[in-house]
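J.: With chain A fixed as given, assemble chains B, C, D, E, F, G and H onto it according to the hints.
These protein sequences, in sequence, are chains A, B, C, D, E, F, G and H. Take any residue in the first sequence, note its place counting from 1, add 657, and you have its number in the working numbering. Take any residue in the second sequence, note its place counting from 1, add 657, and you have its number in the working numbering. Take any residue in the third sequence, note its place counting from 1, add 657, and you have its number in the working numbering. Take any residue in the fourth sequence, note its place counting from 1, add 657, and you have its number in the working numbering. Take any residue in the fifth sequence, note its place counting from 1, add 657, and you have its number in the working numbering. Take any residue in the sixth sequence, note its place counting from 1, add 657, and you have its number in the working numbering. Take any residue in the seventh sequence, note its place counting from 1, add 657, and you have its number in the working numbering. Take any residue in the eighth sequence, note its place counting from 1, add 657, and you have its number in the working numbering.
To be clear, the hints were calculated from the coordinates, so they are not data collected in a lab. Every value quoted in this text rests on a predicted model; they were computed, and no experiment measured them. Among the clues, some could well be false.
Said to hold, decoys possible - With a straight-line Cα cutoff of 30 Å, these simulated DSS-like cross-link-like pairs (lysine-lysine) come out:
#, chain 1, residue 1, chain 2, residue 2
1, D, 805, B, 708
2, B, 684, B, 659
3, F, 774, E, 799
4, G, 774, G, 741
5, E, 774, F, 659
6, D, 805, D, 666
Number of protein chains: 8
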Amino acid sequence: MKLDDIDRKILEMLIEDGRMSYVDIGKKLNLSRVAVRERVNQLVKHGVIEKFTVVINSEKFGKQVSAFFEVDCEPAYLVEVAQKLAENPNVASCYQMTGPSTLHMHVLVEDFAALEKFINNELYALEGITRVESHILLRRFKSRTGLKL
Amino acid sequence: MKLDDIDRKILEMLIEDGRMSYVDIGKKLNLSRVAVRERVNQLVKHGVIEKFTVVINSEKFGKQVSAFFEVDCEPAYLVEVAQKLAENPNVASCYQMTGPSTLHMHVLVEDFAALEKFINNELYALEGITRVESHILLRRFKSRTGLKL
Amino acid sequence: MKLDDIDRKILEMLIEDGRMSYVDIGKKLNLSRVAVRERVNQLVKHGVIEKFTVVINSEKFGKQVSAFFEVDCEPAYLVEVAQKLAENPNVASCYQMTGPSTLHMHVLVEDFAALEKFINNELYALEGITRVESHILLRRFKSRTGLKL
Amino acid sequence: MKLDDIDRKILEMLIEDGRMSYVDIGKKLNLSRVAVRERVNQLVKHGVIEKFTVVINSEKFGKQVSAFFEVDCEPAYLVEVAQKLAENPNVASCYQMTGPSTLHMHVLVEDFAALEKFINNELYALEGITRVESHILLRRFKSRTGLKL
Amino acid sequence: MKLDDIDRKILEMLIEDGRMSYVDIGKKLNLSRVAVRERVNQLVKHGVIEKFTVVINSEKFGKQVSAFFEVDCEPAYLVEVAQKLAENPNVASCYQMTGPSTLHMHVLVEDFAALEKFINNELYALEGITRVESHILLRRFKSRTGLKL
Amino acid sequence: MKLDDIDRKILEMLIEDGRMSYVDIGKKLNLSRVAVRERVNQLVKHGVIEKFTVVINSEKFGKQVSAFFEVDCEPAYLVEVAQKLAENPNVASCYQMTGPSTLHMHVLVEDFAALEKFINNELYALEGITRVESHILLRRFKSRTGLKL
Amino acid sequence: MKLDDIDRKILEMLIEDGRMSYVDIGKKLNLSRVAVRERVNQLVKHGVIEKFTVVINSEKFGKQVSAFFEVDCEPAYLVEVAQKLAENPNVASCYQMTGPSTLHMHVLVEDFAALEKFINNELYALEGITRVESHILLRRFKSRTGLKL
Amino acid sequence: MKLDDIDRKILEMLIEDGRMSYVDIGKKLNLSRVAVRERVNQLVKHGVIEKFTVVINSEKFGKQVSAFFEVDCEPAYLVEVAQKLAENPNVASCYQMTGPSTLHMHVLVEDFAALEKFINNELYALEGITRVESHILLRRFKSRTGLKL
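Chain A with its partners taken away, still in its complex shape (with noise of 0.2 Å):
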């Protein structure tokens, strides 16, 4: 699916608000609801919108700390851990990347008790683990919404 123009205001109306209604939207582009309607339909469909979300302040959901992990595995584990860390609902975020053949983790927990305890009991649980580094967040300059990072 090639966008046009039309197609990104209407991506970015959205990732504003993701609640506008189609009736606003093609009020702002000279567009009707139906055809606004036929746009976003075809973005879902072919997966350039993945979801309709909300994003939840993270301190107020009771998740005071935001810890970012570079997790070391053994290469042969690797793919394993990563799917294992996935599968737990305090990682908000996995990846691999290039650089050090390491996992690049984001995790978000109620507080420090609850770090030690997932560091100490889940995460170095693990088998094939070698090393971890845990940062903590101290302050954010952007947090962009919108597309998938």
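T.: Same frame as chain A, now just chains B, C, D, E, F, G and H:
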């Protein structure tokens, strides 16, 4: 605002489908449409829900390369550099964390040529940057939506 | 227990001189000996004051070498190694921190021969240790007492 | 001053309870109150005992976050930076060690917001600092009092 | 230009022997000399074949030492440094890569004295270079020709 | 074999155009075709010229991604791992160098999906590999042909 | 044995010329030959002088390559590995130091081929070695004799 | 000068005892005193033997602390810094090597106070030094004399 079980269930449903109607949410929870609307309004008002939005597939949107950066700054320049990077449209997120005095940054660009241009023309041109480390995403094992990272 | 200004002033005086009499503390704060005693008892009872103790000069006590260690463990062994090290009389403190999956440890020994013996016979003999980094104290710029590190 | 066994036993008792009376110490060692007082006075006079003090629980005192820092300086600035950091009330200890040309520093602050402020406003503002590494205490396995670290 | 199987076979033969005659290539592929020539011309015209060349044994040519360098630059100087290094006759290749903000460089020199001179007089003299790491080739396990690295 | 100036000039011409005729080379050097042929034969016979070949544009050949790897091995496995990697068709070069006990490897693959497969299925599957570091080529500043790296 | 100024002057002369006669030393110090001999004997007897020896030019002796190694061992194997390396005739010195748990080793070999053989056949074959880092001497700025390193 | 077996045997004897008489050497090799003297003179004249000297026990000479340093310099200052360090009487050896752009240095000092002074007053005061890493010798496994390192 203290969240109860019903709030949490509403949030989970909205994470999965941000356009779910209050009627449908209400049916699942034995609540009226009005009661659901009132709770959602409270969640928005207290900042628990920061935004209704969409998740867009970066590759299908034309951003083929997803890159992580560690940006080392002279300490005195760190906040200034972070604020400039936050204004750059290629930068999706920018965090300060414990660990080394670097900025952690996520960048989405069209292709490798755009990445090279971003690095050499936009990043390396900022005063106060002493060293940059970049890695390219190879594989996503988990990329959860909902809670803000 | 909520601390007020008088509690804090009492604590500061006891940090500077742990044997200061309640009469002398009371004079400085316009309080009776009994009132001071009652407050100190409360501070002890609630665990604000963990211990009355002395600070001993390590060199004059015969511990010439003060060394910091970073101890890398196989993740599955970290807690067990930490508990064994905590029982070692040469180990003054042992912490787990964010950052790399190491234990941070402070060791006081008589001299270099004792340090070499501690490293080769006691530390390297523990199962699960993969790498050790040691550094020797050269100069103290500050070594505050009072708050537990 | 050469310490004998009785001196060492007195020191051990005072480490465990810095307010123990000379009478009680004397009973355990078959010594008179006067003999104990004389020995303690000698230990203080010769600087073996540097201070009578208390150990305060940092969390209960309102210092939730205990952080270690490695501060890299331009070599010519190291002593000056160390002396400025030693004056900062958030800094509990500051050492120069063998190994890399960094300062090893222990910081106690109220919470994460205070930590971020300390880093960005107080630490990064010092001339001569080139890189900082910070780690947060997760778990204490041992924190011995008595001998000065 | 889309390559077909015959193009690929011709390229493989020319990688192994860049002076192979069109007649001999044609025999192996059941093609006329003219047809082979036409295909080779197209491969050159479209830039698939960049160059006919020879592989020279470096040691026998008098270059005893083959060294890899990682050159750290102040980011603002990276492109300029790279361009100057590219003009240096001792430099065989010079790349910018993801990872740390270094240049990756391959150098061939007569002997160790020439290497030391190259480093101290030519490399360290360039403005903007902050750190250099060099390694000497010990053993070649594979050194494939054909595709440009 | 000792090279003289004429040998070196012939080599330079062949590096620039490996199919240059002996007649043309001879004209530039005031030599007969036979004399040039004899010298080239000697250069081949003594192994100074290892091969006549072509340089192929990797991208146009369908290899979009050019990656460098540092492969850490358990020392006892290094030679074995190197020999297996040398047989892998994606591996363009593989060297052992001074510095860390890693193999330095250059890999050319079709695209990122192929890179991820190469890493997870072929590289990480080799026994004795403990850690891998990969970087992607961003920009070529120099890529000289002729002397074997 | 307490050294006085005359002892130190004798040592300095012997460092510069280990075969200097007692008569010549005595002349410079206004001492008899017998008095010098007696002092030298005392210095040898008390182990201040460990050995009379020669300094040989390594390159002229046929050892073209002078290399430093950092050898990482599994901690439990460190002493055993060190003792085996100490027996290897290519190893000139082998030390354990503070810092990382590596052995610091100096190796002298004939040429690069000998170095590669030493590394792959002798060093990597030892059980308990996990990683090796090697560097080649480029230039000596000072190489003092006399005091044992 | 080409060394033969007899030269090598003479060198080995002189390494073990630099004051061994030509008569004694001659007896072991079936050579006359004059023949030995002639060979030794040739070895000195051709620079194979650089010096007759003694090995002094550093601790007994009053140098309690033996320390290794890695000194990072701004590349443009490396040679100048090396030359200044070579003049410092505490510096026993100073080398430039492949690997990182550091100077490798061996220092012998009286005690820790002298080490701290050397670092802060002499080393850190040199212009062009950016970072220093120091390690203390814990145990000698081998310290061979004879060949110059």
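J.: Evaluate each hint against the coordinates.
T.: Now the hints, each set against the structure:
| no. | hint | result |
| --- | --- | --- |
| 1 | 805(D) x 708(B) | violated, 53 Å |
| 2 | 684(B) x 659(B) | holds, 23 Å |
| 3 | 774(F) x 799(E) | holds, 21 Å |
| 4 | 774(G) x 741(G) | holds, 17 Å |
| 5 | 774(E) x 659(F) | holds, 24 Å |
| 6 | 805(D) x 666(D) | holds, 18 Å |
Going through the hint list in order, the structure does not satisfy hint 1, though it satisfies all others.
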